[in-house]
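All chains, please: the whole structure from these sequences, using the hints.
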Amino acid sequence: MYRYDEFDAAFVRDRVAQFSAQVQRRLAGALTEDEFKPLRLQNGVYLQLHAYMLRIAIPYGTLSARQLRQLALIGERFDRSYGHFTTRQNLQFNWIQLKDVPEILSLLADVEMHAIQTSGNCIRNVTADQFAGVAADEIEDPRPVAELIRQWSTAHPEFSFLPRKFKIAVTGAAEDRAAVAVHDIGLRIVRHPETGETGYAVLVGGGLGRTPMVGKWVRDFLPKPHLLAYLEALMRVYNAEGRRDNKYKARVKILVHEIGIEAFRARVEAEFAQLDPQRIQADAAEVARIERYFAPPAYQVLPDNPPAFLRARAANPEFDRWVAQNGFPHKVPGYQAVTLSLKGIGEAPGDISSAGMRLVADLAERHSQGEIRVTHAQNLVLPDVRQDELFDLWQALAAGGLATANAGLITDIIACPGLDYCALATARSIPIAQALATRFAAPARQQEIGPLAIKISGCINACGHHHVGHIGILGLEKRGEESYQITLGGDAGNASTIGEILGPGLGADEVPDAIERLVAVYLAHRQPGELFVDSVRRLGIQPFKTAFNAEIRHDAA
Amino acid sequence: MSSAKLPPLPAILIANDLLTGDTVFFSGHGWTRHPGEALLAESEAASLRLEAAGQEAMRRNLVVDAYLVDVVLSEGGIPVPRHFRERFRLLGPTIRPDLGKQAEFPGLAAQAGRTR
Amino acid sequence: MTLLDRHGFRPDPFRRLPAAEIAGHPAVILPLAEVQSGLLVRAAGQRIGIDIANTLTAEEAVPLANQVDLIAIAFPGFADGRGFTLGRRLRRAGFRGILRAVGPLIPDQFAYALACGFDEVELPDAVAARQSEAAWLADLAIYRHSYQRDYARGQNILEARREARNGGAA
Numbered sequence: 001m002y003r004y005d006e007f008d009a010a011f012v013r014d015r016v017a018q019f020s021a022q023v024q025r026r027l028a029g030a031l032t033e034d035e036f037k038p039l040r041l042q043n044g045v046y047l048q049l050h051a052y053m054l055r056i057a058i059p060y061g062t063l064s065a066r067q068l069r070q071l072a073l074i075g076e077r078f079d080r081s082y083g084h085f086t087t088r089q090n091l092q093f094n095w096i097q098l099k100d101v102p103e104i105l106s107l108l109a110d111v112e113m114h115a116i117q118t119s120g121n122c123i124r125n126v127t128a129d130q131f132a133g134v135a136a137d138e139i140e141d142p143r144p145v146a147e148l149i150r151q152w153s154t155a156h157p158e159f160s161f162l163p164r165k166f167k168i169a170v171t172g173a174a175e176d177r178a179a180v181a182v183h184d185i186g187l188r189i190v191r192h193p194e195t196g197e198t199g200y201a202v203l204v205g206g207g208l209g210r211t212p213m214v215g216k217w218v219r220d221f222l223p224k225p226h227l228l229a230y231l232e233a234l235m236r237v238y239n240a241e242g243r244r245d246n247k248y249k250a251r252v253k254i255l256v257h258e259i260g261i262e263a264f265r266a267r268v269e270a271e272f273a274q275l276d277p278q279r280i281q282a283d284a285a286e287v288a289r290i291e292r293y294f295a296p297p298a299y300q301v302l303p304d305n306p307p308a309f310l311r312a313r314a315a316n317p318e319f320d321r322w323v324a325q326n327g328f329p330h331k332v333p334g335y336q337a338v339t340l341s342l343k344g345i346g347e348a349p350g351d352i353s354s355a356g357m358r359l360v361a362d363l364a365e366r367h368s369q370g371e372i373r374v375t376h377a378q379n380l381v382l383p384d385v386r387q388d389e390l391f392d393l394w395q396a397l398a399a400g401g402l403a404t405a406n407a408g409l410i411t412d413i414i415a416c417p418g419l420d421y422c423a424l425a426t427a428r429s430i431p432i433a434q435a436l437a438t439r440f441a442a443p444a445r446q447q448e449i450g451p452l453a454i455k456i457s458g459c460i461n462a463c464g465h466h467h468v469g470h471i472g473i474l475g476l477e478k479r480g481e482e483s484y485q486i487t488l489g490g491d492a493g494n495a496s497t498i499g500e501i502l503g504p505g506l507g508a509d510e511v512p513d514a515i516e517r518l519v520a521v522y523l524a525h526r527q528p529g530e531l532f533v534d535s536v537r538r539l540g541i542q543p544f545k546t547a548f549n550a551e552i553r554h555d556a557a
Numbered sequence: 001m002s003s004a005k006l007p008p009l010p011a012i013l014i015a016n017d018l019l020t021g022d023t024v025f026f027s028g029h030g031w032t033r034h035p036g037e038a039l040l041a042e043s044e045a046a047s048l049r050l051e052a053a054g055q056e057a058m059r060r061n062l063v064v065d066a067y068l069v070d071v072v073l074s075e076g077g078i079p080v081p082r083h084f085r086e087r088f089r090l091l092g093p094t095i096r097p098d099l100g101k102q103a104e105f106p107g108l109a110a111q112a113g114r115t116r
Numbered sequence: 001m002t003l004l005d006r007h008g009f010r011p012d013p014f015r016r017l018p019a020a021e022i023a024g025h026p027a028v029i030l031p032l033a034e035v036q037s038g039l040l041v042r043a044a045g046q047r048i049g050i051d052i053a054n055t056l057t058a059e060e061a062v063p064l065a066n067q068v069d070l071i072a073i074a075f076p077g078f079a080d081g082r083g084f085t086l087g088r089r090l091r092r093a094g095f096r097g098i099l100r101a102v103g104p105l106i107p108d109q110f111a112y113a114l115a116c117g118f119d120e121v122e123l124p125d126a127v128a129a130r131q132s133e134a135a136w137l138a139d140l141a142i143y144r145h146s147y148q149r150d151y152a153r154g155q156n157i158l159e160a161r162r163e164a165r166n167g168g169a170a
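Sequence order for the protein chains is A, B and C. When we follow the working numbering, the leftmost residue of the first sequence carries the number 1, and every step to the right adds one. When we follow the working numbering, the leftmost residue of the second sequence carries the number 1, and every step to the right adds one. When we follow the working numbering, the leftmost residue of the third sequence carries the number 1, and every step to the right adds one.
Careful: at least some of the hints might be erroneous.
Here are the simulated lysine-lysine pairs, DSSO-like style, with alpha carbons at most 30 Å apart [as the list claims (entries may be wrong)]: (1) A:K478 with B:K101; (2) B:K101 with A:K37; (3) A:K249 with A:K165; (4) A:K224 with A:K331; (5) B:K5 with A:K247.
By construction, these hints were calculated from the structure, which means they are not laboratory data.
This is the structure in structure tokens:
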């Protein structure tokens with residue numbers, strides 16, 4: 001993985017010093033709260049319901065064992081000994097005091113981490129496929145370009161006071177696991193159909209929130225050396241022309257929607273034509289320097305599916321189920337990537353204790369080259385595990401409560417912190433996730449239902465990505481009560497789709513039964529091998545809508 | 001200052017401590033972390049005094065985001081906000097009874113009449 | 001209003017005047033609508049600047065740029081970053097005069113403003129009273145290096161790495 005050189009290290013130290021001084025100026029009254037707020041947000045500090053929250057960047061979801069141990073330590077020393085992984089591959093601490101933030105940032109700098117631009121109206125943490133570098137369906141590892149963008153976007157003099165936040169995601173694989181179509185910019189690494197050279201297909205104007213939109217293609221093929229100049233041109237058009245009169249219409253998706261993708265493309269190309277890519281892009285030697293950090297580790301030559309591994313699977317049905325459900329094919333024979341579910345039944349999705357972090361760090365060192373990935377589904381991944389070590393790994397994880405075999409299943413629920421923590425939320429998310437996971441807990445039932453993504457947001461900002469859940473749940477306030485709006489048929493993958501609203505909002509206690517009814521329609525009508533979301537596509541929304549509305553208490557509606 | 005924006009009575013003044021971020025309540029002579037010590041405004045004039053105290057504390061960089069919240073006094077003597085958002089704020093995360101004021105102040109949840 | 005450049009607070013040599021009243025003043029700033037009439041009566045050596053909104057497009061601003069000595073771009077609020085882009089576009093178009101940011105910027109934006117091509121900042125007095133000269137100058141010294149190429153900033157990390165590489169190879 002990437003390692004800081006002297007310049008990166010100096011930069012994060014300087015940033016810590018800057019924020020310390022900003023806190024002092026706030027306390028002295030030199031900075032008003034209105035002036036301080038964007039500065040603290042650009043350092044990941046929110047004021048939530050009970051305390052400050054600190055959002056730490058895990059760039060493109062790659063984390064070392066050493067870094068995870070440091071997060072465990074910070075959790076113990078400054079928080080309540082746990083953290084929360086988010087849908088943008090960040091980690092949040094919920095009980096932070098402002099006076100401690102400079103010291104925490106300093107501890108992060110010690111392990112080459114930071115909280116820079118994890119919030120605010122700037123270019124946010126760049127996200128990527130959690131299986132980058134190990135996926136068999138990958139054209140190219142997306143992390144070197146994500147790192148290049150991370151550096152380029154850090155403390156950008158022109159683009160640090162944008163109309164609104166700006167999120168970039170990158171994937172290098174055939175299957176989009178980074179939800180690039182619902183980002184302000186989505187980059188797909190593609191091969192040029194004639195030359196075979198790799199470059200980028202660029203999507204713009206995707207996003208969830210109040211006005212969910214799927215991104216539109218703005219460039220089919222961008223040569224690699226043009227990337228930063230092209231991004232500069234695109235950001236410049238957005239900074240100059242994005243709306244600033246209404247924060248709900250300030251994202252680039254609204255600009256693209258209002259002027260049309262053709263006009264937007266023309267403006268970006270006109271700006272780009274005036275730039276000299278060579279003066280903006282990192283030179284080839286610098287790009288190569290970054291790429292070297294992501295060179296594959298020294299894999300051993302191993303047989304695929306060694307006999308001991310197969311025997312362990314045959315002898316232990318639970319282990320077998322975990323491998324089948326949470327395993328992900330590795331490009332190298334004899335290895336496997338594996339998802340560590342942070343969705344234990346009844347747990348808060350994405351939460352992990354400091355003790356759990358240490359366990360994962362130890363196991364990553366023992367079994368996965370010391371590397372951990374964070375997924376946008378709020379789970380962790382060990383990317384490089386030998387198949388003949390999987391059984392040992394599984395036993396150690398099971399002892400620590402981290403071997404739940406539900407990756408991608410109905411209990412692998414994405415949920416934002418909601419009104420249990422978040423000042424923006426309109427309703428709680430986590431208790432809904434807990435109730436659903438408990439309802440569908442039986443492993444055989446989960447297996448029978450198969451892959452089904454439930455995503456829950458506690459407000460219209462959609463941090464829980466409810467619009468792209470196969471089943472989406474949005475918590476709102478209705479007449480002084482929490483009310484939950486259910487959507488169906490969303491998809492975050494290659495066929496990005498925004499879900500449709502099924503009917504009136506439900507009370508929290510009605511949600512599990514309503515989801516049961518939707519699942520029942522699927523089980524009754526599916527064709528052999530057909531996934532939930534594919535059944536919804538084939539059948540249309542109507543049969544689900546009918547079942548959904550059959551038993552709704554209309555007094556609540 | 002317009003009384004049109006004042007919440008229904010009775011009301012308390014809630015804010016976050018600037019330095020720690022803790023949810024705090026105005027007690028009449030300072031800020032307290034215990035909701036049972038919050039000063040209850042039972043008249044429009046008292047609400048206006050609370051609101052002014054909030055403005056002053058923000059001006060002096062002691063707290064942020066100070067505003068009035070309408071409450072019902074529980075049988076245990078705790079001013080319990082009418083809105084669920086502020087109720088969660090008063091006690092702590094509903095999913096973690098081991099954290100927040102509900103854990104810090106034994107008996108608070110019972111006094112506030114919370115049932116999960 | 002208080003004027004500030006990379007050396008600190010300093011007196012403003014420019015005065016804001018309508019075009020009809022500029023005679024006898026060595027340096028004046030005109031409203032955009034009066035710039036043509038002002039230029040017609042400009043005396044030899046007289047310096048003329050203009051006030052423009054941050055919503056003016058570069059296409060509209062560029063023809064003016066080569067006729068004036070100073071362009072003052074309004075920042076209606078510190079969080080409105082359009083002026084950074086407009087300043088940058090004017091510099092790219094070849095404007096070599098003084099570029100001034102006018103509005104309630106905060107010290108934490110000073111290095112950014114200079115990097116985008118601004119020379120100076122004109123602050124409301126209330127902001128200047130709260131934000132010390134030292135805080136503004138400190139912002140210029142916080143980062144030893146920055147990541148972006150092609151901005152008017154001191155040490156660039158990509159260039160420094162290149163030098164280190166070349167030095168190492170030699």
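Straight-line alpha-carbon gap B:K101 to A:K37, limit 30 Å: Roughly 26 Å separates the two Cα atoms, so the pair holds.
Pair hint A:K478 and B:K101, alpha-carbon separation not exceeding 30 Å: Measuring from Cα to Cα gives roughly 27 Å; hence the hint holds.
Proposed proximity, A:K165 with A:K249 (alpha carbon, max 30 Å): holds, 12 Å
Straight-line alpha-carbon gap A:K224 to A:K331, limit 30 Å: Within the cut-off at roughly 25 Å; holds.
Satisfaction of hint between A:K247 and B:K5, Cα-Cα up to 30 Å: Between B:K5 and A:K247 the Cα gap is close to 23 Å, so the pair holds against 30 Å.
Checked against the numbered hints given earlier, the structure satisfies every one of them.
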